[in-house]
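K.L.:
Protein chains in written order, with this note's numbering: chain P, 1 to 387; chain E, 1 to 138.
Derived by calculation from the structure, the hints in this document are not laboratory data. All residues carry an ideal CB built from backbone N, CA and C; glycine is no exception. Each hint should be verified, as a subset may be incorrect.
[To be verified] The list that follows gives simulated cross-link-like pairs (lysine to aspartate or glutamate, DMTMM-like), each with its CA atoms no further than 20 Å apart:
(1) E/K66 x P/E187
(2) E/K66 x P/D201
(3) P/K25 x P/E48
(4) E/K66 x P/E122
(5) E/K66 x E/E126
(6) P/K21 x P/E163
(7) E/K4 x P/D249
(8) E/K4 x P/E122
(9) E/K66 x P/D62
[What the hints assert, rightly or not] Estimated spans, in silico, between C-beta atoms of each pair:
(10) P/R157 x E/A134: 16 to 26 Å
(11) E/E82 x P/E163: 29 to 39 Å
(12) P/V18 x E/L121: 37 to 47 Å
(13) E/R8 x P/V117: 23 to 33 Å
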Amino acid sequence: MDRNPFDGVFIAGAGQTVYEKRSPKKATRLLFEASDAALRSAGLGWHEVDGLALTCFNLPPDNVTTIAEHFGIEARFLFHGVYGGASGIIGMMHAARAIRNGDAEVVLCMAADAYDVASHNETLDRFNGSVQNYMSPHGFGGANGMFALQTRLYMERHGAEREDFGRFCVALRKNAQRNPNALLRSEMTLDDYLNARPIADPLRLYDCVLPCVGGDCVVLVSERVASRLKAPLVAIRSGGELHNYPAGDPYSLTAGWSGFSGRMYERAGLGPEDMDFAQLYDDYPVMCFIQLEGLRIAEPGRAFAFVRDTDITTEGAFPINTGGGQLSAGQAGASGGMIGVYEGVVQLRGEAGERQVDCRRGLVSGYGMIAYGRGLSASAAILERVE
Amino acid sequence: MVTKPLPRIDAVNAPFFAACNEERVLIQRCAAPECRRYVYYPRVCCPVCQSGDLDWVEVSGRGRIKTFTVVHRPHHDGFLSETPYVFAAVEIEEGPLIYGRIDADPARPPAIGDAVVPVFLQHTPEQKLLAFRAEDVR
Ligand SMILES: [Zn+2]
């Protein structure tokens, strides 16, 4: 029997900064604020922290080791994510394995960035060698251009229409209206979506995440530490990651989720029908469709039809991105890989206020490291409230 | 004037970019007899069989549009004066995907599957870049 490698590890707290369009705050400060909030929600003190898992695009020349020094942490476990928006969940899984092995007891899993459109574009221009040398000089349009290519192909191959992506984005905006931390909370209609200004055809403004300033953190603890905490606990029932899948084909309209989700569900003894929500990595709606298919919530090539037929708001049958996701809360760089984990934990703890959904367990998902035509890294986990 | 981003030319990719300046499409081909796959972008080994022996070979550069976009908001200000323009992934006859601009009227963009042939754009005074245009025009 394939055991769950995360047994005996618990998520004991979650913290998030307010998401802002502009702020004088540096990424380092955002990492601190999100972590501090997560520790307080767990009822833990900084002196108990003995590990950090961190992802932040505009941190260099600093890294997780120099952040440990900056914060004054003697660390037994450090992880620095190099998987873009898949890093948050991957870091959390690495931390959980370390705790299970007895290498650490209290690990902060954090991500943050202080981004705007210009710094986002600058980062992406030199994101890695294949982008820098073989895409950027041709004026590829950044992430918007790259996912415009994926979106057009998805529409052509599966018969999805602009309205299908629009319905998804409009539902997320409704969710954001109940999230005080979300950046974009004004009413958005399907017409607003369809008539927004063109960015990279077929993508228009509301298909594209807004780079912003923010940070998220969850704190993982051992069973020993968890046993003396009063805070509600969340377990990681299963999880997975897969990179460069399928190798050599940027236009399969699938990604790593299709390769590992079967084993992920099997290890948890659960199926997609047991999930009460999904917190997807929503940099672009097309990637959410590909995730819904890879995570077996929808049939291959049919996620657009699933979204046509399913209310995905917090009042619906299958809520998706209950805080508005990155599409409406904003994409604070690397924090895009952690915002869904934060939201999932808050929902499972019953602390989501106006946007609370009825849930016992749900999916969180990450995606990133945009390279030659696609993001290379996919990750996901099943989180469950401990009764 | 804002300068456009340039490829970083190094020992691995220099033959490709030198050939662009001569208006030739030079890509790699795996030398392993049981593989012989064409490889683009330039790499240190074959990504299919991991052979470290790659030859440089000239190809026609003809291919078909796999997917495309019309860029209205570029990621770099160096391209602002050229918007809107067509950017595409082209699957060349030998197999690999090559990204490049499509020399086409953005108001009448191509379609997925359209046949294209290579053209070379003067990117900077020192460097031409591979681009494409529809096969049956001009
Ligand atoms: Zn080979």
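K.L.:
Are the hints correct? Go through all of them and say.
P.N.:
These are the hints, each one checked on the structure:
Pair hint E/K66 plus P/E187 does not hold up; C-alpha atoms about 36 Å apart against a cutoff of 20 Å. Taking the CA atoms of E/K66 and P/D201, the gap is near 15 Å; set against the 20 Å cutoff, the hint holds. The suggested pairing of P/K25 with P/E48 is violated, with an alpha-carbon distance near 26 Å, which exceeds 20 Å. Under the criterion of a C-alpha separation no larger than 20 Å, the hint pairing E/K66 with P/E122 is inconsistent with the structure, at around 27 Å.
The suggested pairing of E/K66 with E/E126 is violated, with an alpha-carbon distance near 29 Å, which exceeds 20 Å. A C-alpha spacing of about 27 Å is found between P/K21 and P/E163, which places the hinted pair above 20 Å, so the restraint is violated. For the hint pairing E/K4 with P/D249, the CA-to-CA distance comes to about 28 Å; that exceeds 20 Å, so the pair is violated. Restraint check: the Cα-Cα separation between E/K4 and P/E122 comes to about 12 Å, which is no more than 20 Å; the hinted pair holds.
Distance restraint check for E/K66 and P/D62: the Cα-Cα separation of roughly 40 Å exceeds the 20 Å cut-off, and the hinted pair is therefore not satisfied. Taking the beta carbon of each, P/R157 and E/A134 are about 22 Å apart, inside 16 to 26 Å as hinted. A beta carbon spacing of about 31 Å between E/E82 and P/E163 agrees with the range 29 to 39 Å that was offered as a hint. Remark: the range hint 37 to 47 Å for P/V18 to E/L121 is upheld by a beta-carbon distance near 45 Å.
Judged by the Cβ atoms, the range 23 to 33 Å given for E/R8 and P/V117 holds: they are separated by roughly 24 Å.
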